[in-house]
Amino acid sequence: AQKVTQAQTEISVVEKEDVTLDCVYETRDTTYYLFWYKQPPSGELVFLIRRNSFDEQNEISGRYSWNFQKSTSSFNFTITASQVVDSAVYFCALSEGGNTPLVFGKGTRLSVIA
Amino acid sequence: NAGVTQTPKFQVLKTGQSMTLQCAQDMNHEYMSWYRQDPGMGLRLIHYSVGAGITDQGEVPNGYNVSRSTTEDFPLRLLSAAPSQTSVYFCASRAPGSGYNEKLFFGSGTQLSVL
Numbered sequence: 001a002q003k004v005t006q007a008q009t010e011i012s013v014v015e016k017e018d019v020t021l022d023c024v025y026e027t028r029d030t031t032y033y034l035f036w037y038k039q040p041p042s043g044e045l046v047f048l049i050r051r052n053s054f055d056e057q058n059e060i061s062g063r064y065s066w067n068f069q070k071s072t073s074s075f076n077f078t079i080t081a082s083q084v085v086d087s088a089v090y091f092c093a094l095s096e097g098g099n100t101p102l103v104f105g106k107g108t109r110l111s112v113i114a
Numbered sequence: 001n002a003g004v005t006q007t008p009k010f011q012v013l014k015t016g017q018s019m020t021l022q023c024a025q026d027m028n029h030e031y032m033s034w035y036r037q038d039p040g041m042g043l044r045l046i047h048y049s050v051g052a053g054i055t056d057q058g059e060v061p062n063g064y065n066v067s068r069s070t071t072e073d074f075p076l077r078l079l080s081a082a083p084s085q086t087s088v089y090f091c092a093s094r095a096p097g098s099g100y101n102e103k104l105f106f107g108s109g110t111q112l113s114v115l
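Protein sequence lines, in the order shown, are assigned to chains U and X. Each step along the first sequence adds one to the number in this note's numbering, with nothing skipped, and position 49 is 49. Each step along the second sequence adds one to the number in this note's numbering, with nothing skipped, and position 91 is 91.
Watch out, some of these pointers could steer you wrong.
Claimed, not checked - Restricting the straight-line Cα-Cα distance to at most 30 Å, the calculated cross-link-like pairs of lysine-lysine (DSSO-like) are:
#  : chain 1 : residue 1 : chain 2 : residue 2
1  : U       : K70       : X       : K103
2  : U       : K3        : U       : K38
3  : X       : K14       : U       : K16
4  : U       : K106      : X       : K14
5  : X       : K103      : U       : K106
6  : X       : K9        : X       : K103
7  : U       : K16       : U       : K106
8  : X       : K9        : U       : K38
9  : U       : K106      : X       : K9
10 : U       : K70       : U       : K3
11 : U       : K16       : U       : K38
12 : U       : K106      : U       : K3
13 : U       : K38       : U       : K70
14 : U       : K3        : X       : K103
Claimed, not checked - The following residues of chain U were derived to be distant from chain X, with all beta-carbon distances above 10 Å:
#  : residue
15 : E44
16 : L45
17 : Y64
18 : A88
Claimed, not checked - Okay, the calculated bits of chain X under chain U, using three or more residues with CB under 8 Å as the criterion:
#  : segment
19 : 34-44
20 : 103-112
Just so you know, these hints were derived from the structure itself, not from any lab. By construction, the Cβ of each residue, glycine as well, lies at the ideal position given by its N, Cα and C atoms.
Taking the hints into account, I'd like the entire structure generated from these sequences.
What follows is the structure, encoded as structure tokens:
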């Protein structure tokens, strides 16, 4: 069965610091997709990125970057030069082949202090 | 397009009452699902549907019923509410034909309190 572990429950950083959110996943499938979602204090869920199991290239989008390593079953998320607006709960999620549901980790609450 | 619409946004129930959380999407998505979010527990899947007339259980289905008579609507029913069902509920849908690789579109959530 698929599983996503976000071991960091809460992280607090000072503005402009870099921060990495960890995500470790378990799956028996060779084809799967990994996701990151952001939930700001307003409560909505915002899609950040999708990565398939065949593409281990790291991705950068502005201050955000993602490191996918199949060897360690990890899909970590780094925010460079963090800002107060980055304060949110971040969820990592996994889906397997076919029409299977998305399984979420328990989330990491990030607080960026000015 | 309105996307995924959930109603109501807030609801307070007494133990034993029944109610239906509504979810509608106007994107012709075949896949729809319900999650509940509790502090420290992340998002847990309650039920999901891959098309009209087809539903399946998720991780925490007990105490909830669903049906899918149309592509647009996927209501979640609480037959006899319990305090353990106090939570924030999210409905989500996914584009047709894309299988597992497309992102979920989420509704804005329903905050439910059962006293």
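Against the structure, the hints come out as follows:
The straight-line distance between the Cα atoms of K70/U and K103/X is roughly 21 Å, inside the 30 Å bound, and the hint therefore holds. Between K3/U and K38/U, the direct Cα distance comes to roughly 19 Å. Compliance with the 30 Å bound is thereby established for this hinted pair. Simply put, K14/X and K16/U have alpha-carbon atoms about 47 Å apart, too far for the 30 Å limit, and the pair is violated. At roughly 28 Å between alpha-carbon atoms, K106/U and K14/X fall within 30 Å of each other, so this suggested pair holds.
With a C-alpha separation of about 18 Å, the suggested pairing of K103/X with K106/U holds against the 30 Å cut-off. Between K9/X and K103/X the CA atoms are separated by roughly 23 Å; this keeps the pair inside 30 Å, and the hint holds. Pair hint K16/U plus K106/U holds up; C-alpha atoms about 26 Å apart against a cutoff of 30 Å. For a cut-off of 30 Å, the pair hint linking K9/X to K38/U stands: about 20 Å separates their Cα positions.
For the hint linking K106/U to K9/X, the alpha-carbon distance of about 23 Å falls within 30 Å, and the restraint holds. Proposed proximity of K70/U and K3/U is supported: the alpha carbons are some 15 Å apart, at most 30 Å. A C-alpha spacing of about 19 Å is found between K16/U and K38/U, which places the hinted pair at or below 30 Å, so the restraint holds. With a C-alpha separation of about 10 Å, the suggested pairing of K106/U with K3/U holds against the 30 Å cut-off.
Distance hint between K38/U and K70/U is fulfilled; the C-alpha atoms sit about 23 Å from each other, no more than 30 Å. About 18 Å separates the Cα atoms of K3/U and K103/X, which keeps this hinted pair within 30 Å; it holds. Distance check for E44/U against chain X: the nearest CB is about 6 Å away, which does not clear 10 Å, and the non-interface claim fails. With a least beta-carbon separation of about 4 Å from chain X, L45/U fails to lie farther than 10 Å from that chain, contradicting its non-interface assignment.
Listed as outside the interface, Y64/U is consistent with that label: its C-beta sits roughly 16 Å from the nearest C-beta of chain X, beyond the 10 Å cut-off. For A88/U, the condition that its CB be more than 10 Å from all CB atoms of chain X holds, with the nearest at approximately 14 Å. Here the segment 34-44 of chain X counts 6 residues with a CB under 8 Å from a CB of chain U, which clears the bar of 3, and the coverage holds. As drawn, the segment 103-112 of chain X meets chain U at 5 residues by the rule of a beta-carbon pair under 8 Å; at three or more, the given contact holds.
Of the numbered hints listed earlier, those contradicted by the structure are 3, 15 and 16.
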